[in-house]
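Student: Here's the letter readout for the chains.
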Amino acid sequence: MAEPSTSASISVEINGEVYEREVDARRLLVHFIRDDVELTGTHIGCDTGNCGACTIQLDGQAVKSCMLLAVQADGSKLRTVEDLANDDGPNPLKQSFSSHHALQCGYCTPGMLMSATALLEANPRPSEDEVRTAIQGNICRCTGYQNIVEAIVSVNA
Amino acid sequence: MSTTETTIATPVVTEPTELQKGSIGTSIPRKEDGRLVQGQGVFFDDIRRHGTGYVHFVRSPYAHAKIASIDVSAALALDGVYGTLTGDEVAIHTEPFFEMSTPPGAHIKDYALAVGTTRFMGEPVAAVAAATRELARDAAELVDVEYEPLDVLVDAREAVKDEIVMHEEAGSNVVWSGVFDWGDWEGAKAEADHIVTIDELHFHRFSSTPLECAGALVEYERGTGQWTLYCNHQMPGIGAIWMAPALRAPLDKLRFVTHDIGGAFGNKICLHPYYVALCLLARKLGRPVQWTEWRTDQHTANAHGNERWFHDVQVAVRSDGTMLGFNVKALDDCGAFPRYEPLGCIIWAQVTPGCYAWRNIRVDFTQVTTNKSPVSPNRGYSRMQHLWLTERIIDIVASELELDPVAVRKLNYVKTEQMPYETPNGCVYDSGDYARCLDMALELIGYEGIEGRRDEAAGRGKLLGVGIGSTLDSGTNNFGQSQLLNPELQFSGNNEAATVKLDIFGEVVVTLGTVPQGQGHETTASQVVGDILGCSPEQVHVRPGHDTFFNSHAGFSGTYASQFAVTGLGAVKGAADLLRAEMIQLAAAVLQAPEEAIELADGFARIKDGPEEAALPFMALGAIMNANNAFLPPDFNPTLNHRFVYRPYFGNVDLEKKMGKLTLTYATQIHACVVEVDQETGVVEIVDYAAVDDCGVRIHPQIVEGQVHGATAHAIGAALHEDFVYDEDGQLLTSNFYDYHVPHALDMPTLKTSAIESPSPFTPLGTKGMGEGGGGGIHCICSAIQDALRPAGKPIVYDSCNPSHRVWEMLQDPESTRANVKVVST
Chain A
1 MAEPSTSASI SVEINGEVYE REVDARRLLV HFIRDDVELT GTHIGCDTGN CGACTIQLDG
61 QAVKSCMLLA VQADGSKLRT VEDLANDDGP NPLKQSFSSH HALQCGYCTP GMLMSATALL
121 EANPRPSEDE VRTAIQGNIC RCTGYQNIVE AIVSVNA
Chain B
1 MSTTETTIAT PVVTEPTELQ KGSIGTSIPR KEDGRLVQGQ GVFFDDIRRH GTGYVHFVRS
61 PYAHAKIASI DVSAALALDG VYGTLTGDEV AIHTEPFFEM STPPGAHIKD YALAVGTTRF
121 MGEPVAAVAA ATRELARDAA ELVDVEYEPL DVLVDAREAV KDEIVMHEEA GSNVVWSGVF
181 DWGDWEGAKA EADHIVTIDE LHFHRFSSTP LECAGALVEY ERGTGQWTLY CNHQMPGIGA
241 IWMAPALRAP LDKLRFVTHD IGGAFGNKIC LHPYYVALCL LARKLGRPVQ WTEWRTDQHT
301 ANAHGNERWF HDVQVAVRSD GTMLGFNVKA LDDCGAFPRY EPLGCIIWAQ VTPGCYAWRN
361 IRVDFTQVTT NKSPVSPNRG YSRMQHLWLT ERIIDIVASE LELDPVAVRK LNYVKTEQMP
421 YETPNGCVYD SGDYARCLDM ALELIGYEGI EGRRDEAAGR GKLLGVGIGS TLDSGTNNFG
481 QSQLLNPELQ FSGNNEAATV KLDIFGEVVV TLGTVPQGQG HETTASQVVG DILGCSPEQV
541 HVRPGHDTFF NSHAGFSGTY ASQFAVTGLG AVKGAADLLR AEMIQLAAAV LQAPEEAIEL
601 ADGFARIKDG PEEAALPFMA LGAIMNANNA FLPPDFNPTL NHRFVYRPYF GNVDLEKKMG
661 KLTLTYATQI HACVVEVDQE TGVVEIVDYA AVDDCGVRIH PQIVEGQVHG ATAHAIGAAL
721 HEDFVYDEDG QLLTSNFYDY HVPHALDMPT LKTSAIESPS PFTPLGTKGM GEGGGGGIHC
781 ICSAIQDALR PAGKPIVYDS CNPSHRVWEM LQDPESTRAN VKVVST
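Line by line, the protein sequences are chains A and B.
Using the numbering used here, the letters of the first sequence map in sequence onto residues 1 to 157.
Using the numbering used here, the letters of the second sequence map in sequence onto residues 1 to 826.
These are computed hints drawn from the structure, not numbers from a lab.
A few of these clues could be false.
[Said to hold, decoys possible] To give an idea of the chain B side of the interface with chain A (calculated C-beta under 7 Å), a few residues:
id, residue
1, L36
2, L401
3, G518
This one's a predicted model, so the numbers in the text were calculated from it and none came from an experiment.
Every residue, glycine too, gets a C-beta built ideally from N, C-alpha and C.
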């Protein structure tokens, strides 16, 4: 019997660019994004899937990239915080985060922005409760969430 | 003990500053935000180097064990493993870390890795470096360690008996002990109408758990013996003082570089054991090494907050509610090693009387080690524990004597007309109005109609309670307080540095010595510099982070202990003032006008009376001085580049009386809340919450409010959920974010905030340090739960952490908590 393979070739589109790489079968998607593709805006804050600092979009859905293996993303379209660019003028969500002082150290911010982006795409005018529910998987240790919630609620208000 | 002649000096009163009305006091957009919202911040783990060895630590599964043997051969045989480090090598190549305590604590031997014995679960016993993170983890699994388990101490009350001794060299588990006796406790007792006693109170173990774990990328240059640490240490000056002697290296061989840091809250002060292990590996392997701590390891083996027991509390009270003083035995648990300790045995004394005017206070303080994670300063460090005690005393006394907790507070608060107020131990509260802050907080929670709300809640099966947490956020330490623990220590005063220069193209460039972790230093420094130099903050570039090689730091540089608005901005102001004077001199020379005729405004140096006629843009001044200076006279040598070290004046501490000015400023935070307790389940819901802050002049009100929000969230988490729980074998049961529940967005109530400004008379800008918050929310919620439970048999809240199961127990058995408390009336 042949030795089981411990690596695989994957093809992933991230922020509109296609990456074809050989990866360890056990490599976490977040380590692939950070260490292999070197998109370091996506962060790691825990090892149990609780903190949400690694939140990205996979085929339009907000997911925690530490809870997936890189091989599971084969053939998917990913979006990271780097893609929330300012091509068409300032990104209103990012602007709102800044004007509401919704970030202090900024470590949770990329994950928060990705969760909020997924929410706003599905529900452009969320209530405060809907926002709190949508970001309950994202831990922030600096702000107490109040300004984050206000920033998200007011984007399209 | 040596007796030094000391005089307690009066603080230097600073003249009101004459700044142009500009951006100070306005909430301008933060400079940091641009890169952080783009995902373009640079955190240490974002930095890459060719050939890096990724480090994984082999950690003890036992809380206390002899290490019989360590065999690394199987790990080294794995392809891609670069090398290992064990405790035996550490013992040969390093000195134990410097201990600050007097004996017995002075004799404790603390190394980068466990040497011979492991004393807490998760203590690193070896390290492995390999080509990838995964490989390093695999290899660490192959390190074969043989342990011989020993008896375990998890309770400070057992540790103090010394029946099991953790550190043989010390001969005792006691790190430090001493009695502080200020005023006349016996006299107060005699004068009192009531003595209220409380047998035991417990302040639990938790920590701020910053979202970014600890770590570093360490490079070693063989030719020069220079280490560079790209890291997230928040107090590099002191870090280097610990590390360099341990590594037998000169101080300057350690270069600390930080950029963005993902929160710290004091938990990134005691990283020296890990960093020394990394330095040894980088030198041994001749390659860069990188270590990123795992979350579980951060919870298990890095930085817990100090746990503290209060025993035999006695409070002397007059029948009208006037508090005369208290007497208490404090027992502090610092975990396995006193890494920043025993400083916690004195730091609380910055706020000895809390917000109150009692004059007779006696504290018998003992600190012990246990087989738990070492502690580290944690937001509110050591003062929070003591302020919780003072607030518990107020509420317990009020409850037992049937006094109104609001009236008792107002009766006993230090009054605004008493400011500056000297405490019984010689500290000076600089300014404030506690009663006014309390009134504002009570108004925000709707205190007026509270009795009606109690009835309404009772109709729904809920017990409604009101709580108050009065706290002081003492800032700008006098490190001389360390000498009250150990007179031989050569630490006193405080300092911070900054450099401000005008560059060749007219850029104003600021270099800080501080190590920001989200506090917005780039923004507030640019506001101060812009106002002093007469330009917009946008024209001021503040370099992110800290770099030893900037040469813009001082001995105590760092970001800790609520002080940037005083020390950091004091240094920035000093440097900007020097630059301003030179820019005026230079403009006067160029424009051939007297200096008095020159003003700096709108980015120009110009003639006050005729700005249209003669004005030099900053670019012209920078270019002349730096690149086009031949015409300047030979005796005129401005540099347009100024480093300033701000040093607050404290005078000596009095070693005999254990008195002195232990901190420069005292910000106030008064919290008030309304909770509802479910009688069936003990679940506590916060229905109203308010915090009123007074930190003197606010440079950027929005940043101040953000700090209040954050400190409140930490306090609410600690008061209701966050608890590092150990079992009897010393196994941590809450080692990750599943079991250790920090507040999520749905856990946080809406916070109402307000502020007053009582400028500090002792600081260059009238500012006070703030940010730690003194644990106001913990005191406030404990107070509210006790108030809510009054109709259910008047249980006493005796622990700082009150998850639903503990509240439920109090509801079921109020008497067992009441057995703790007695009132003796004379």
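Student: Next, verify each hint and record whether it holds.
Tutor: Outcome of the hint check:
Of the supplied interface hints, the one on L36(B) holds, with its beta-carbon coming within about 3 Å of a beta-carbon of chain A, less than 7 Å. Hint status for L401(B): violated, given a least beta-carbon distance of 35 Å to chain A, over 7 Å. With 7 Å as the threshold, the beta carbon of G518(B) comes within range of chain A, its nearest partner Cβ sitting at about 3 Å, so the hint holds.
Hint 2 from the earlier list is the only one contradicted by this structure; the remaining hints agree with it.
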